[in-house]
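Asks: Just so you know, the protein sequences line up as chains E and Y, in that order. Residue numbers 0 to 247, in numbering that gives the first Met the number 0, belong to the letters of the first sequence in order. Residue numbers 0 to 312, in numbering that gives the first Met the number 0, belong to the letters of the second sequence in order.
Watch out, some of these pointers could steer you wrong.
Claimed, not checked - Some chain Y residues flagged as far from chain E (calculated, every beta-carbon gap over 12 Å):
1) 83
2) 88
3) 111
4) 140
5) 148
6) 156
As the list claims (entries may be wrong) - Label-pair restraints from in silico Cβ distances:
7) 114/Y <-> 46/E: 54 to 62 Å
8) 77/Y <-> 34/E: 32 to 40 Å
9) 16/Y <-> 95/E: 43 to 51 Å
10) 58/Y <-> 125/E: 37 to 45 Å
11) 58/Y <-> 128/E: 36 to 44 Å
12) 95/E <-> 77/Y: 23 to 31 Å
13) 240/E <-> 213/Y: 33 to 41 Å
14) 25/Y <-> 239/E: 32 to 40 Å
15) 121/E <-> 58/Y: 30 to 38 Å
16) 191/E <-> 19/Y: 47 to 55 Å
17) 73/Y <-> 95/E: 39 to 47 Å
18) 73/Y <-> 165/E: 42 to 50 Å
19) 213/Y <-> 95/E: 33 to 41 Å
Said to hold, decoys possible - Per the computed footprint, the stretches of chain E lying under chain Y, defined by three or more beta-carbons under 8 Å from a beta-carbon of chain Y, are:
20) 1-9
21) 85-93
22) 185-192
The hints are simulated quantities; they were obtained by calculation from the structure and are not laboratory data. Just so you know, even glycine gets a beta-carbon here, dropped at the ideal spot from N, CA and C.
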Amino acid sequence: MTERHRLRSVLWLAYMNGIVPMRTQPLYLLSILASPLSFLFFVTVASGGTLFLYGIAGGMLLTVLSVGTSLQTDMSHYRTDLKFQDVIVASPVEAPVYVVGIALSELIYSLPGIAVFIALGAWEAPVALVGAVTIFAVLLMVWALATALGFTLATFFADVRETFVFSSLVSLGLTVLPPVYYPISAIPASVRWLAYLSPTTYAAMLMQGAFGLQHLTFSSQVIDWAVLILSSLALLSIAALKARWRDP
Amino acid sequence: MSNAVEARALSKTYRHSGGTTDALSGVDLTIPTGRVYGMIGRNGAGKTTFVRIGATQLALTSGSMSVLGYDVMTETSKVRARIAAVPQESRPLYFLNVFELIYLYLTIRGTEARDARKRTEAVLAELGLADSRKRLVSHLSGGMRRRAMVAMVLASDADVLFLDEPTTGLDPIARREVWTAIRRAIRDGRTVLLTTHYLDEAEALSSRLALLDGGRVLLEGTPTEIRERVRQPFRLVVSGVLGRAELEPFGSVSTVEGGYLVFAKEAPARELAQLALSKGARVSLGPVTLEDIFLQVVGKAIDADDVPAEAAE
Ligand SMILES: Nc1ncnc2c1ncn2[C@@H]1O[C@H](COP(=O)(O)OP(=O)(O)O)[C@@H](O)[C@H]1O
Ligand SMILES: [Mg+2]
Chain E
0 MTERHRLRSV LWLAYMNGIV PMRTQPLYLL SILASPLSFL FFVTVASGGT LFLYGIAGGM
60 LLTVLSVGTS LQTDMSHYRT DLKFQDVIVA SPVEAPVYVV GIALSELIYS LPGIAVFIAL
120 GAWEAPVALV GAVTIFAVLL MVWALATALG FTLATFFADV RETFVFSSLV SLGLTVLPPV
180 YYPISAIPAS VRWLAYLSPT TYAAMLMQGA FGLQHLTFSS QVIDWAVLIL SSLALLSIAA
240 LKARWRDP
Chain Y
0 MSNAVEARAL SKTYRHSGGT TDALSGVDLT IPTGRVYGMI GRNGAGKTTF VRIGATQLAL
60 TSGSMSVLGY DVMTETSKVR ARIAAVPQES RPLYFLNVFE LIYLYLTIRG TEARDARKRT
120 EAVLAELGLA DSRKRLVSHL SGGMRRRAMV AMVLASDADV LFLDEPTTGL DPIARREVWT
180 AIRRAIRDGR TVLLTTHYLD EAEALSSRLA LLDGGRVLLE GTPTEIRERV RQPFRLVVSG
240 VLGRAELEPF GSVSTVEGGY LVFAKEAPAR ELAQLALSKG ARVSLGPVTL EDIFLQVVGK
300 AIDADDVPAE AAE
């Protein structure tokens, strides 16, 4: 395949899995918003409104992270139940084209959800251009991270039910326990180091910085970016190495 | 010109928690281009393993396999450019309609949009799916879904099509509709590797056949050649009057409903037919069916025991 063919395949895959289902399963779109919006509601109410913006930043992150979960579910389903992946393997479409195509489709599918949070955020606290670019870049990085993680998990599990169990544990570990919805200072100092184990912590701090909720020193920004980029790259390489395209 | 598929001393051993399974052991096969090649065998014979190695979905353990002259393990992308597959028990994406299923498969494979549209329209018309083009796949019957899957690969520009049990679980009418689709594929010079455990299907469609059992090829050739290679190429069903002991000198006897089935060589077959008629027994005489051949060669019927009941889709 030439580069042009690869790009076309990615776009057609994204259309197939991201846009066509909006027509047949429109209610699904609402379900994407369900958990980020309820988290937003809880942190806002519980904090008497002071954590509303944290909830917005967290909601954006969670919506993009959920791309990884839906990717994982779709990929396992397509591989083991429908054998669609085998149909694609026996064709000129290469593994990265398939993965990026499906990942893009999940991103498209989550766009209406992200749009809701962007609208809420812009209404409450308009950010400057630099902040907006940072938010966009962080979300893009988290998308790559979620995709790599979702894809790796999908290749490890034999059936969809197993991935369901696992993905809820993963999203707990990535979004609820780390300070995605609240400032890291809210975590008791003795266990704060635990939060630093999750790459989403660094993404959340960058987001909170961009929203003007935290003051980040230059060096902490560098560290946050470095961790985010390195963990995405690490997960992407695990995905590339472990991905089962041809069964052993 | 190269053959569609060539396997040399092909072996596959699966490793799993319970140990290892030899699914293919030293298989040599040459599948020429431009025909339907049938692969028959009971469940577990190794058909799917063979097809998946050829379709680059599964790694081989030893030996070699090539598709259109390209090695499946080392020249994978060259192979993938020329093939298409309907895997065993695969199901179409349920949220698409019939048109989208075929059209998007083609565009994802790399066919230009305009060409893909033309190919989709043509295959829909030819397979009698034109009226269902707007129907969601999830609303189709099992037979229609299979037909849509076959239509998908037929519409592609692939030269070698792998169809792994495309008709299992379908009713007789739906099966025949899939047959029509398969026959259409070879009209334009393509090769179809078809696996089935329906012998009538293999015989109706294939110009050559391989009979697999226990990971080995037991017989290979045109249906006629296969018949000729069988030791006892005639079958007689005798009912009434004659007992087992009287039949045994003529050939190998087994009990069937309402009488005895005898496999025999030509001369004893004629002799037995005359004897039976003269004694007033009912008798039918004809060439063995593939089913009989399977019974003679494998020693079990193709659908004996370990084949699970076919679940309708
Ligand atoms: N993934 C696998 N792991 C372990 N054993 C397998 C696997 N796939 C098939 N087998 C075994 O290999 C043998 C051949 O199977 P298969 O190629 O599916 O046969 P067929 O398609 O003719 O029914 C069987 O004994 C089967 O149990
Ligand atoms: Mg099989």
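Asks: State for each hint whether it applies.
Replies: Taking the hints in turn, this is what the structure says about them:
no., hint, verdict
1, 83, "violated (6 Å)"
2, 88, "violated (6 Å)"
3, 111, "violated (9 Å)"
4, 140, "holds (17 Å)"
5, 148, "violated (8 Å)"
6, 156, "violated (10 Å)"
7, 114/Y <-> 46/E: 54 to 62 Å, "holds (58 Å)"
8, 77/Y <-> 34/E: 32 to 40 Å, "violated (46 Å)"
9, 16/Y <-> 95/E: 43 to 51 Å, "violated (31 Å)"
10, 58/Y <-> 125/E: 37 to 45 Å, "violated (55 Å)"
11, 58/Y <-> 128/E: 36 to 44 Å, "violated (51 Å)"
12, 95/E <-> 77/Y: 23 to 31 Å, "violated (18 Å)"
13, 240/E <-> 213/Y: 33 to 41 Å, "holds (35 Å)"
14, 25/Y <-> 239/E: 32 to 40 Å, "holds (35 Å)"
15, 121/E <-> 58/Y: 30 to 38 Å, "violated (52 Å)"
16, 191/E <-> 19/Y: 47 to 55 Å, "holds (49 Å)"
17, 73/Y <-> 95/E: 39 to 47 Å, "violated (20 Å)"
18, 73/Y <-> 165/E: 42 to 50 Å, "violated (35 Å)"
19, 213/Y <-> 95/E: 33 to 41 Å, "holds (39 Å)"
20, 1-9, "holds (count 3)"
21, 85-93, "holds (count 9)"
22, 185-192, "violated (count 0)"
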